[in-house]
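Q: FYI, in mature numbering (1 follows the signal peptide of the UniProt record, and there is no 0) the residues of the sequence shown are -18 to -1, 1 to 357.
Since the hints were derived computationally from the structure, they do not count as laboratory data. Careful: at least some of the hints might be erroneous.
[Stated by the list, open to error] With a Cα cut of at most 30 Å, we get these calculated DSBU-like pairs of lysine-lysine:
{"id": "1", "residue 1": "K13", "residue 2": "K295"}
{"id": "2", "residue 1": "K295", "residue 2": "K177"}
{"id": "3", "residue 1": "K181", "residue 2": "K132"}
{"id": "4", "residue 1": "K226", "residue 2": "K140"}
{"id": "5", "residue 1": "K226", "residue 2": "K177"}
{"id": "6", "residue 1": "K13", "residue 2": "K140"}
{"id": "7", "residue 1": "K249", "residue 2": "K277"}
{"id": "8", "residue 1": "K226", "residue 2": "K280"}
{"id": "9", "residue 1": "K181", "residue 2": "K140"}
{"id": "10", "residue 1": "K295", "residue 2": "K181"}
{"id": "11", "residue 1": "K280", "residue 2": "K13"}
{"id": "12", "residue 1": "K143", "residue 2": "K132"}
{"id": "13", "residue 1": "K123", "residue 2": "K249"}
{"id": "14", "residue 1": "K249", "residue 2": "K226"}
{"id": "15", "residue 1": "K143", "residue 2": "K177"}
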Amino acid sequence: MRACVPLIVAALCSLAWAGNLESCASRCNEKFNRDAACQCDRRCHRHGDCCEDYEHLCSVEEDPKEPEPFLELEEEMLEAPPGHLYSAPSSCQARCHEAFDRHQPCHCDARCPEFGNCCQDFEGLCGHHEGFSYSSDAITKEELQSISEKIYRADVNKAQKQDIILNSQNRISPSEARDQVDRCPEPLFTYVNEKLFSKPTYAAFINLLNNYERATGRGEHLGAQQLAEQDAFLGAVMGTAVLKELDGFLRQQNRYSSEQEFVNDLKNMWFGLYSRGNEEKDSSGFEHVFSGEIKKGKVTGFHNWIRFYMQEKEGLVDYYSHIYDGPWDSYPDVLAMQFNWDGYYKEVGSAFIGSSPEFEFALYSLCFIARPGKL
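Hey, can you work out the whole structure from these sequences and the hints?
A: In structure tokens:
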């Protein structure tokens, strides 16, 4: 199994890290990407397939650069389209004295005090040469690989092979993903051992899934019970060996001085509300990645197998096809699929199958913390 771990890690971090294939963020003037939902190359106008934010992000960009990959994936893994976490790069964490980037809402370069456009934490993080905030002190790829493998080994709550029976049925080419044709007459999940859902982290995770309005543009209003459920979930995952591994690693890296500081950051990272295009605070990282949203008539996010199974069981998800099925014969595995969610289509929805909530939560958090502003 150890031989599979690096590939699993590469796949997982690519899902969380590689960038949004429905946006031109970090993709301006890249080559045509057949797996992307929309394009950001110089000819997209001619073909009518530009992403909605192409004009805003790319039309006047100078000196385009090729995006740098997070991890070098095996060639076969390039078929697994990434998901993403929302990132609001309003901090100087790991950005001190980086090159000026006009697309950032605030800056951490050496001259930002002259122009009055520094991030609020610039002085605290960049005013001296200690700590982790300098780009040169970033967590290395090798360190990410090592801690990811430790987190994988620590996950005792993942599904076992006998706990899930999948019926993946018809695989299609990426070019067919836009066709919106149901090529799979049967559900994706033939069987799931629901005893998994009684485990504390699973139960706490499931309690969060019905707390959100899936349509973007409508503000989220969370009451005392919903906020308590967030705290309960954080408490449950922090009690696992998976999060203890991550907490210890990040404190060793001088990211956090205490567990409570780490928890506070996780709460803001995942449950802090933000706007997806208007004044309403209508989204959060947790809602997008795990629960799913509807934006402009399309499904966005929705990268969790538990959510998919429960919605499919209720008759709200119709599995259409898949373009990628991971090479492993145990869990967690990877599936990149097409489906209809109660009337809305998901062109490419990548998800890990059989992973515990704490496993995904930890690895996505690690990728976000290690490379802030890149997701």
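Q: Look at each hint and say if it fits the structure.
A: To see whether the hints hold, each was checked on the structure:
As the CA atoms of K13 and K295 are separated by approximately 40 Å, the hinted pair breaks the 30 Å bound. In summary, the hint linking K295 to K177 is supported, as the alpha carbons are separated by about 16 Å, within the 30 Å threshold. With a C-alpha separation of about 21 Å, the suggested pairing of K181 with K132 holds against the 30 Å cut-off. With a C-alpha separation of about 16 Å, the suggested pairing of K226 with K140 holds against the 30 Å cut-off.
A C-alpha spacing of about 24 Å is found between K226 and K177, which places the hinted pair at or below 30 Å, so the restraint holds. For a cut-off of 30 Å, the pair hint linking K13 to K140 is broken: about 38 Å separates their Cα positions. Using a Cα cut-off of 30 Å, the hinted pair K249 and K277 holds, with the two alpha carbons roughly 24 Å apart. The straight-line distance between the Cα atoms of K226 and K280 is roughly 37 Å, outside the 30 Å bound, and the hint therefore fails.
Annotation: proposed proximity of K181 to K140 holds, straight-line Cα distance about 11 Å (limit 30 Å). Distance hint between K295 and K181 is fulfilled; the C-alpha atoms sit about 20 Å from each other, no more than 30 Å. In summary, the hint linking K280 to K13 is supported, as the alpha carbons are separated by about 24 Å, within the 30 Å threshold. Only pairs whose Cα atoms come within 30 Å are accepted, and K143 paired with K132 is accepted, the gap being roughly 21 Å.
As the CA atoms of K123 and K249 are separated by approximately 25 Å, the hinted pair is consistent with the 30 Å bound. Distance hint between K249 and K226 is fulfilled; the C-alpha atoms sit about 16 Å from each other, no more than 30 Å. For the hint linking K143 to K177, the alpha-carbon distance of about 14 Å falls within 30 Å, and the restraint holds.
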